[in-house]
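If you read the sequences in order, they're chains A and B.
When you line the first sequence up against the numbering used here, it's residues 4 to 179, in that order.
When you line the second sequence up against the numbering used here, it's residues 165 to 358, in that order.
Think of the hints as simulated: they come from the structure by calculation, not from any bench.
Treat the hints with care, as some may be off.
[To be verified] Computed list of lysine to aspartate or glutamate pairs in EDC-like fashion (alpha-carbon distance at most 16 Å, straight line):
| hint | chain 1 | residue 1 | chain 2 | residue 2 |
| --- | --- | --- | --- | --- |
| 1 | B | Lys298 | A | Glu167 |
| 2 | A | Lys148 | A | Glu176 |
| 3 | A | Lys10 | B | Glu349 |
| 4 | B | Lys226 | B | Glu292 |
| 5 | A | Lys71 | B | Glu323 |
| 6 | B | Lys221 | A | Asp68 |
| 7 | A | Lys72 | B | Glu183 |
| 8 | B | Lys226 | B | Glu295 |
| 9 | B | Lys291 | A | Asp55 |
| 10 | B | Lys337 | B | Glu324 |
| 11 | A | Lys8 | A | Glu31 |
| 12 | A | Lys43 | B | Asp290 |
| 13 | A | Lys8 | A | Asp38 |
| 14 | B | Lys234 | B | Glu182 |
| 15 | B | Lys350 | B | Glu318 |
| 16 | B | Lys298 | B | Asp213 |
| 17 | A | Lys71 | B | Asp207 |
| 18 | B | Lys350 | A | Glu42 |
| 19 | B | Lys298 | B | Glu182 |
| 20 | A | Lys71 | B | Glu295 |
| 21 | B | Lys234 | B | Glu295 |
| 22 | B | Lys221 | B | Asp207 |
| 23 | B | Lys337 | A | Glu20 |
| 24 | B | Lys334 | B | Glu324 |
| 25 | A | Lys72 | B | Glu292 |
| 26 | B | Lys232 | B | Asp171 |
| 27 | B | Lys334 | A | Glu20 |
| 28 | B | Lys221 | B | Glu187 |
| 29 | B | Lys298 | B | Glu349 |
| 30 | B | Lys350 | A | Glu44 |
| 31 | B | Lys350 | B | Glu292 |
| 32 | A | Lys71 | B | Glu319 |
| 33 | A | Lys72 | B | Asp207 |
| 34 | A | Lys10 | A | Asp55 |
| 35 | B | Lys234 | B | Glu349 |
| 36 | B | Lys291 | B | Glu306 |
[Claimed, not checked] One side of the interface only, derived from the structure: several residues of chain A facing chain B at Cβ under 7 Å:
| hint | residue |
| --- | --- |
| 37 | Ile14 |
| 38 | His56 |
| 39 | Val61 |
All C-beta atoms, glycine included, are put in the ideal place defined by N, C-alpha and C.
Each chain is listed here by its residues.
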Amino acid sequence: MNCQKVKSLLIGFLNGELEENIRKRVREHLDLCADCSREKELLSTSWQLMLDHSVPRVSENFTADLMKKIRLGQSEHIKVTFNLPFFRGLFGVRALSGALGFVLAGVFVFFMFWKSPSNNQELAQKIQPDYQISESIANDEEIIKNLDILEDIELLENLSLLTEMQAIENFEEETT
Amino acid sequence: MDYFDEDAQLMLRFKDGEESCFEQLVERHKQRVFNLAYRFFSDYQQAEDISQQVFIKLYYAKHTYTPKAKFTTWLYAICRNTCLKILRVKTPKMLSIDYSKQLEEKDVLPQIADTKIPRPDTVILDKERQEIIKAALDSLPENQKMAVILNRYEELSYEEIAGIMGCSQKAVKSLVHRARLNLKEKLAVFYEKT
Chain A
4 MNCQKVKSLL IGFLNGELEE NIRKRVREHL DLCADCSREK ELLSTSWQLM
54 LDHSVPRVSE NFTADLMKKI RLGQSEHIKV TFNLPFFRGL FGVRALSGAL
104 GFVLAGVFVF FMFWKSPSNN QELAQKIQPD YQISESIAND EEIIKNLDIL
154 EDIELLENLS LLTEMQAIEN FEEETT
Chain B
165 MDYFDEDAQL MLRFKDGEES CFEQLVERHK QRVFNLAYRF FSDYQQAEDI
215 SQQVFIKLYY AKHTYTPKAK FTTWLYAICR NTCLKILRVK TPKMLSIDYS
265 KQLEEKDVLP QIADTKIPRP DTVILDKERQ EIIKAALDSL PENQKMAVIL
315 NRYEELSYEE IAGIMGCSQK AVKSLVHRAR LNLKEKLAVF YEKT
């Protein structure tokens with residue numbers, strides 16, 4: 004048995020997992036080979052040394068803290084899911100209430116549109132004075148225009164008379 | 165095959181609604197779970213937080229428990245999964261708000277009150293040895309590390325470890341074998357010094 008083979012069997016040898024004949028052959032090799040013997044020693048002592056890895060004690064209030072966390076978690080869990088089973092149970096009622104909501108909304112919208120013509124009338128009534136004002140202004144303008152026209156007509160009709168009066172005035176000025 | 169050991173009995177009673185059984189289980193196994201987490205992360209506070217997470221998971225998983233395997237196998241499997249999950253998330257080192265208080269209790273007070281103070285050179289050697297062992301363990305890949313912790317410290321058989329890690333006994337044996345070779349290399353530093 005060569006060194007490579009023995010080294011591959013060393014852990015099994017240390018754990019007592021080898022068959023007796025193989026174990027005997029490994030032991031014979033170790034008695035003769037210093038390198039493999041040292042390898043075996045290192046494997047053994049390093050494994051032993053691992054036990055020196057000490058661990059501190061867990062804190063005394065570990066269980067109390069844990070139970071506090073669990074109770075807190077439970078209360079949060081209850082808060083979150085408090086109404087869920089209730090609403091799950093009442094799924095049909097919820098669906099019905101939803102449908103009822105839609106119907107009510109439809110009725111509301113209908114009445115909104117149904118009332119709109121009267122609203123427009125009311126609006127028109129409210130706006131009417133403004134229309135009246137503008138209408139009266141338009142009428143006044145027409146009257147003024149008509150008065151102007153009448154004045155012009157009157158002037159034209161009396162034009163000869165005016166010219167005569169103008170001529171008399173001019174004559175009087177010349178004589179004086 | 166059903167396991168009806170004391171832990172399994174307690175767990176089944178807890179499953180049936182006996183809350184006090186859960187507290188008994190915590191008392192029985194808190195140090196065991198903490199040891200595993202501490203050796204895996206080498207951090208007191210993180211180990212304690214993880215231990216609490218493990219028991220919280222256990223609390224809420226009570227309905228899934230069946231005594232098909234040893235209770236400790238189930239508990240270790242929860243602990244292993246929690247450790248690996250936290251390792252993979254790679255969150256920054258957790259620090260509890262009670263940390264300063266623990267420093268006072270664990271470090272400062274014993275230094276003042278303890279009259280049996282060991283010799284400083286012994287303390288340094290012990291501390292150094294602890295650091296070297298921790299470093300050697302931390303240098304292992306996560307599966308090897310877990311297999312070593314379960315095999316060397318928790319003294320579980322390959323069969324039990326296989327159940328916890330969800331692999332074959334042969335795979336566990338191979339993991340422990342490779343871990344031992346790695347540890348021998350890493351710990352050679354310590355032998356060279358001494």
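Okay, the hints, checked on the actual structure:
The suggested pairing of Lys298 of chain B with Glu167 of chain A is violated, with an alpha-carbon distance near 138 Å, which exceeds 16 Å. Taking the CA atoms of Lys148 of chain A and Glu176 of chain A, the gap is near 37 Å; set against the 16 Å cutoff, the hint is violated. With a CA separation close to 14 Å, the supplied pair Lys10 of chain A and Glu349 of chain B stays within the 16 Å bound. About 42 Å separates the Cα atoms of Lys226 of chain B and Glu292 of chain B, which puts this hinted pair outside 16 Å; it is violated.
Among the hinted pairs, Lys71 of chain A with Glu323 of chain B is inconsistent with the structure: their alpha-carbon atoms are about 36 Å apart, more than 16 Å. Distance restraint check for Lys221 of chain B and Asp68 of chain A: the Cα-Cα separation of roughly 15 Å lies within the 16 Å cut-off, and the hinted pair is therefore satisfied. Distance hint between Lys72 of chain A and Glu183 of chain B is fulfilled; the C-alpha atoms sit about 14 Å from each other, no more than 16 Å. For the hint linking Lys226 of chain B to Glu295 of chain B, the alpha-carbon distance of about 38 Å lies beyond 16 Å, and the restraint is violated.
Restraint check for Lys291 of chain B and Asp55 of chain A: satisfied, since their Cα atoms lie roughly 11 Å apart, inside the 16 Å limit. A threshold of 16 Å between alpha carbons decides the hint, and for Lys337 of chain B with Glu324 of chain B the separation of about 12 Å falls inside it, so the pair holds. Between the alpha carbons of Lys8 of chain A and Glu31 of chain A the distance comes to roughly 13 Å, so the proposed pair stays at or under 16 Å and holds. A distance of roughly 25 Å separates the Cα atoms of Lys43 of chain A and Asp290 of chain B; the hinted pair therefore is violated under the 16 Å criterion.
The suggested pairing of Lys8 of chain A with Asp38 of chain A holds, with an alpha-carbon distance near 13 Å, which does not exceed 16 Å. About 20 Å separates the Cα atoms of Lys234 of chain B and Glu182 of chain B, which puts this hinted pair outside 16 Å; it is violated. Between Lys350 of chain B and Glu318 of chain B, the direct Cα distance comes to roughly 22 Å. Violation of the 16 Å bound is thereby established for this hinted pair. Between Lys298 of chain B and Asp213 of chain B, the direct Cα distance comes to roughly 20 Å. Violation of the 16 Å bound is thereby established for this hinted pair.
Between the alpha carbons of Lys71 of chain A and Asp207 of chain B the distance comes to roughly 23 Å, so the proposed pair goes past 16 Å and is violated. Distance check on the hinted pair: Lys350 of chain B and Glu42 of chain A sit about 14 Å apart at the alpha-carbon level, within 16 Å; holds. About 40 Å separates the Cα atoms of Lys298 of chain B and Glu182 of chain B, which puts this hinted pair outside 16 Å; it is violated. Between Lys71 of chain A and Glu295 of chain B, the direct Cα distance comes to roughly 34 Å. Violation of the 16 Å bound is thereby established for this hinted pair.
Of the pairs offered as hints, the one joining Lys234 of chain B and Glu295 of chain B is violated, with about 34 Å between alpha carbons and a cut-off of 16 Å exceeded. Annotation: proposed proximity of Lys221 of chain B to Asp207 of chain B is violated, straight-line Cα distance about 21 Å (limit 16 Å). With a C-alpha separation of about 11 Å, the suggested pairing of Lys337 of chain B with Glu20 of chain A holds against the 16 Å cut-off. The hinted pair formed by Lys334 of chain B and Glu324 of chain B meets the criterion: a straight-line CA distance of about 12 Å does not exceed 16 Å.
Note on Lys72 of chain A and Glu292 of chain B: the hinted pairing is violated, with a Cα-Cα distance of about 37 Å set against a maximum of 16 Å. A threshold of 16 Å between alpha carbons decides the hint, and for Lys232 of chain B with Asp171 of chain B the separation of about 13 Å falls inside it, so the pair holds. Of the pairs offered as hints, the one joining Lys334 of chain B and Glu20 of chain A holds, with about 13 Å between alpha carbons and a cut-off of 16 Å not exceeded. At most 16 Å may separate the alpha-carbon atoms for a hinted pair to count; Lys221 of chain B and Glu187 of chain B meet this at roughly 14 Å.
Proposed proximity of Lys298 of chain B and Glu349 of chain B is supported: the alpha carbons are some 14 Å apart, at most 16 Å. Taking the CA atoms of Lys350 of chain B and Glu44 of chain A, the gap is near 15 Å; set against the 16 Å cutoff, the hint holds. Pair hint Lys350 of chain B plus Glu292 of chain B holds up; C-alpha atoms about 14 Å apart against a cutoff of 16 Å. Distance check on the hinted pair: Lys71 of chain A and Glu319 of chain B sit about 32 Å apart at the alpha-carbon level, beyond 16 Å; violated.
Proposed proximity of Lys72 of chain A and Asp207 of chain B is contradicted: the alpha carbons are some 21 Å apart, above 16 Å. Taken as a hint, the Lys10 of chain A and Asp55 of chain A pair is broken in the structure, with Cα atoms around 25 Å apart against an allowance of 16 Å. With a CA separation close to 35 Å, the supplied pair Lys234 of chain B and Glu349 of chain B exceeds the 16 Å bound. Distance check on the hinted pair: Lys291 of chain B and Glu306 of chain B sit about 24 Å apart at the alpha-carbon level, beyond 16 Å; violated.
The closest approach between the C-beta of Ile14 of chain A and any C-beta of chain B is roughly 5 Å, which is under the 7 Å cut-off, so the hint is satisfied. The interface hint given for His56 of chain A is met, as the beta carbon of that residue sits about 5 Å from the closest beta carbon of chain B, less than 7 Å. Interface restraint check: Val61 of chain A against chain B, minimum CB-CB distance 4 Å, threshold 7 Å, status holds.
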